[in-house]
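Asks: Chains A and B, in that order, give the protein sequences.
Quick note on our numbering: the first sequence kicks off at 1 and runs consecutively.
Quick note on our numbering: the second sequence kicks off at 287 and runs consecutively.
It is possible that some hints are incorrect.
[To be verified] Listed next, the stretches of chain A that the computed footprint assigns to chain B, with coverage defined by at least 3 CB atoms under 8 Å from CB atoms of chain B: (1) 165-178; (2) 190-202.
[Said to hold, decoys possible] Label pairs and their in silico Cβ distance ranges: (3) B/Gly323 x A/Gly267: 53 to 63 Å; (4) A/His274 x B/Arg395: 21 to 31 Å; (5) B/Gly333 x A/Thr116: 25 to 35 Å.
[As the list claims (entries may be wrong)] Not the full set, but computed from the structure, chain A residues with beta-carbon under 7 Å of chain B: (6) Ala181; (7) Met183; (8) Leu184; (9) Asp185; (10) Gly186.
I should point out that these hints are in silico values taken from the structure, not numbers from a laboratory.
Values in this document were obtained by computation on a predicted structure and should not be read as measured data.
Cβ coordinates follow ideal geometry from the N, Cα and C atoms, glycine included.
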Amino acid sequence: MLSRPLTLPLALLLAAALVITLFPVFWIVMTAIKPPTDWNAAPAVWLPSEPTLVNFRTLFDPTALKAYGLSGVSQPATPSMLGSILASVVATALSILIGLFAAIGLSRYATMTKATPLMILSGRMFPPAAIAVPFVIIFSVTNVIDTYSGLIAIYVAVTLPFSTWMLKSFIDDLPREIEEAAMLDGRSRLMAHLTVTIPLVRGGLFATTMFIFILNWSEFMFALVLSYTNVTTIPVQLAKYVTATAGTLYGVQAALAVLAMLPLVIGGFMIQSHLARGMTFGAVKR
Amino acid sequence: MNAMNPITTPALALDRLGKTFRGVAALDDVSFTVPKGALTVVLGAAGAGKTTLLRAIAGLERPDAGAIHIGDKDAAGREPRDRDVAMIFDNLALYPDKTGFDNIANPLRIRGMEKGVIEAAVKDIAARLKIAHILNRKPKTMSGGERQRVALGRALVRTPALFLLDEPLSSLDAQLRIELRAELRRLQRSLGYTFLMATPDFAEAMAIADTVIMLRAGKVVQIADPQTLYDEPADREVARFVGAPEINLVPAEIGPGGGVRLAGGLLPLPEKFLPLLAPEARAIEVGIRPEDLALAPVEGAALSGVVTDIEPLGASVAISVEAGGVEFRLVVPVAATASITPGLAVGLSVETGRMHAFDPQTGVRLA
Chain A
1 MLSRPLTLPL ALLLAAALVI TLFPVFWIVM TAIKPPTDWN AAPAVWLPSE
51 PTLVNFRTLF DPTALKAYGL SGVSQPATPS MLGSILASVV ATALSILIGL
101 FAAIGLSRYA TMTKATPLMI LSGRMFPPAA IAVPFVIIFS VTNVIDTYSG
151 LIAIYVAVTL PFSTWMLKSF IDDLPREIEE AAMLDGRSRL MAHLTVTIPL
201 VRGGLFATTM FIFILNWSEF MFALVLSYTN VTTIPVQLAK YVTATAGTLY
251 GVQAALAVLA MLPLVIGGFM IQSHLARGMT FGAVKR
Chain B
287 MNAMNPITTP ALALDRLGKT FRGVAALDDV SFTVPKGALT VVLGAAGAGK
337 TTLLRAIAGL ERPDAGAIHI GDKDAAGREP RDRDVAMIFD NLALYPDKTG
387 FDNIANPLRI RGMEKGVIEA AVKDIAARLK IAHILNRKPK TMSGGERQRV
437 ALGRALVRTP ALFLLDEPLS SLDAQLRIEL RAELRRLQRS LGYTFLMATP
487 DFAEAMAIAD TVIMLRAGKV VQIADPQTLY DEPADREVAR FVGAPEINLV
537 PAEIGPGGGV RLAGGLLPLP EKFLPLLAPE ARAIEVGIRP EDLALAPVEG
587 AALSGVVTDI EPLGASVAIS VEAGGVEFRL VVPVAATASI TPGLAVGLSV
637 ETGRMHAFDP QTGVRLA
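Excised from the complex, chain B in its bound form (with noise of 0.2 Å):
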């Protein structure tokens, strides 16, 4: 084919993957590529097909269709140890008879390194980890996060093309997943190691991606930066599944002669609305997140509605709203709170150029 350039060619290209597990198709037409260098971050829900999609990279799944190139390499029916990848576990797969010092060692052990080379090799990785004092352990006596660690020395002791990461952190504690993304993040940073990692959670993908892929039943759904996801989501689903609490979706339509009808109130069109202006009047599907809405003073208020619930989330509180016949959800800074009690009469504002509209239908992002 054409010739690559070395310094361009990405560590990883899948053009048109396919798997079908039954009938079922767990990877559909699956393409993107990963650079050299990057956090890669596949998101989606449980299901979505994000192991088996690294599972695929990996070797250890043989897809159905689609080619899958590594570096410059095409993978196909090469073996797993024939790829130049290392991959973590999702439920980590530690060596249950190996030490946490042999379970590190392993990869370099088979590769038939220096038993000197090895050893600071493994010294290294275990001080960047924090689990030097843990090295004689077997994985049985060690805490879930030294298991975790472990695993992550395993894969980061070798310097391979590629890292695939499944749902590294997903059974820490939250305080400890946090503590410890962001030390990955850091790792992968200062080595320059290429990572491609699948996470059910959105808040992990926006803290450390720096390309989000989002799946959805197989599919590639949307790529972008995380703020771009967030900002402009594909459809109404990505939008729901990126930010919490969730975005508020309500039934709308586009009069006419401008302004956005919904929730027995009037908004005015916003500027990016402009295209979806028709002769006759048209249904869209709005979405508002949380954030752009604020109490308003009911008298003037765009919409007026009755507090129905409030929720403290330290910081901020999320209140929620029903106005028009629509439950909105909205959150505000404590400050702002004080005087506000299920039963209370208020008005909402909306930032009506931080809006969405969605093909009621498709669900498509419009606008």
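Just chain A, same shape as in the assembly (with noise of 0.2 Å):
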């Protein structure tokens, strides 16, 4: 599978690549399973002396760390896990359906203007920060803040673009022929668009499904300045344990952290084998 051959130069810079890339993954897990002294010791504890698993039950029941002299962590971790559950596979649905069925208007169909597929990227232009605060002031008006349907309204805003122009580009590469094809062996418009088209660019499917979800599953903005209580994600959740007694509870950070890496790694592996190039060879003549 290997391009060129695997020298030792090449080789030296796979590893280097390997070792920047992986280390702080490396750390995570090792902080995760430190107990509270060895978080944040000098020198450097690399490994554990005394592998725990308190720092996640930390994450279920707060009161876990009073064993270690350490209390104040107020509230479980388990609604912002739902919540990121909720507000991530949801809204990254909407953004793949709405973005699919876009995406093969813009790629067939030569809707609206020319410029229109750039206009819609366009809509990523400028740092959500610039849109944070009107966002606020119009969730608050419509009383949709603190609401999952309102963060979820966002997602989806703020993915749409990426997820049209990923789904466009790969449609872009199926040749319309194949669906038109299905078109004039009997199939309607839609049936041949259901049926052809989307079974075709499904490893590109996945792999923008992936790309989204990971979007939404990490933002954190958002999340912060439109909830108060109702509404909370992991990456806001993480940022609340500090505590005023112990500063950073670097461990329950590191533990939740690696629970919330846990189903990108587990997706990642699953749709591995769909992301394989070449699913239309022979398709055509070349």
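Grab the two chains, each in its own frame, and use the hints to assemble them into the complex.
Replies: Structure, rendered in structure tokens:
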């Protein structure tokens, strides 16, 4: 599968890249199983002397750290996990669903003007911070602040340009004649897209879904400013593990971060086989 | 409108079809009919509008002007599936995730036909196309010729009023192309199907067409049977497109007293040029097919020149001769060329009765 032979310099380069990429992951996982005394010990503790699951227990039972003489964590992380799952799954599904049909329209039917795709993308060309405050005001006035439907609406709006553009590029790569053949074989336009276009871009569909899910899953700013008490997500919860007496609870933060990484890792492995290229090989003459 | 006679209603009738892409006319005032059971070829260079034409008929492209009748039904506003046509795309467009069998069976399955009927129909067409052995394979493991046959099978498994074939043989090796086009022709005849086929290859058109529609820059230039297209091209460009090696085009002059002056020689005025005779000398462009020229002894020859190049074609030889500042190409049997070498002075004789006269400005054929 290698496109070129693995020479020594290349191997060293790859090893260096791996270390740089994986070291933070290693450190997070280690911190998650360190007892409080090891969290920010100097010199640094690389491998915990006494691995413990107390950090994970604290996520669900805020009193668990009392055994180490630490207190002040007031709420469990469970609501934030459920909140993250709800907001990310629903927002991703809507973003992909709308983006997919928008992409088919833009790719196949010269919808509106030639500038339309760019106009859609330009929705992402200013920093989210610039629209955060206006949205706080709008959401307060319309009473959707601190609701999941409000947060989901924002997530869909923010990710839709990405999902539309990514999916459009995958559909552009698919020869339109394949779905047209289905139309001549007897399918309506809609059914040709549902039975031919969409199954043939499923690799791109999975990749885009993963990408949009990661955006939503790790979103912090909107979740922070558009929520008070009802709505909470993992990134917001992460910032809450600070106590007056003991400072930041690094181990607990790390434990939550590890749990937050899990769905992405599992999802990544699951879609890996669908990301292979050349799914349409043989369909058309080259 | 008028009541159509079911026997003489053409399979397809186009009336002043027009289509513009970003200000460029892809189809311009295209009108023609395709009779039932005939093989009609749309011939034209790349970009002539062949694919746009077929796509418009299939309902994949909406024309800006004109009408399409398939059988006696106006196709306007009807989706591709409601037009009773099958199409073979120039890139084949097989379903990459389906086996050969499933590719061919697809149109029948969509129509909800019974499993047994579908299986029988697919096996029958696969046998005709000699692909019974690859029905379990996916397109990516098939050869180019096998994919081509599966694409044909997917169209031929149904019996629509009209088959549209967009350069169906273009990607195949020369040998296979010739073999498959003969099979295609046989199949079309034996089943009585109506084919409208696009190709840029004049030899393919000559070989299988009942009627050729010559398309250029979106316009119909000529509609004729292949032999007529070759013998009586509408204009200089058709004459050049149809035939290989290309027709010789030579500036000439018809004298007031008769006789055609070209390339430093004087040829007798052929009978069909008589209407061009004028009180004053008239400039024309003469077209001479390579096979209408022959080598002749230098003495007494109408044209004389020097051999510049010899190109073996197998059974015959293409010879280039420069005469009177004009480069002529002629095709002669191998047997007649034993002693010919570049630099040799030769005479040329011309089959004057088969010469064409074109208007030097417009290119229109005058005689």
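Asks: Hints first: check each against the structure and report whether it holds.
Replies: We went through each hint and held it up to the structure:
no.: 1; hint: 165-178; verdict: holds (count 3)
no.: 2; hint: 190-202; verdict: holds (count 3)
no.: 3; hint: B/Gly323 x A/Gly267: 53 to 63 Å; verdict: holds, 58 Å
no.: 4; hint: A/His274 x B/Arg395: 21 to 31 Å; verdict: holds, 25 Å
no.: 5; hint: B/Gly333 x A/Thr116: 25 to 35 Å; verdict: holds, 28 Å
no.: 6; hint: Ala181; verdict: holds, 4 Å
no.: 7; hint: Met183; verdict: holds, 4 Å
no.: 8; hint: Leu184; verdict: holds, 5 Å
no.: 9; hint: Asp185; verdict: holds, 4 Å
no.: 10; hint: Gly186; verdict: holds, 4 Å
Of the numbered hints stated above, none is contradicted by the structure.
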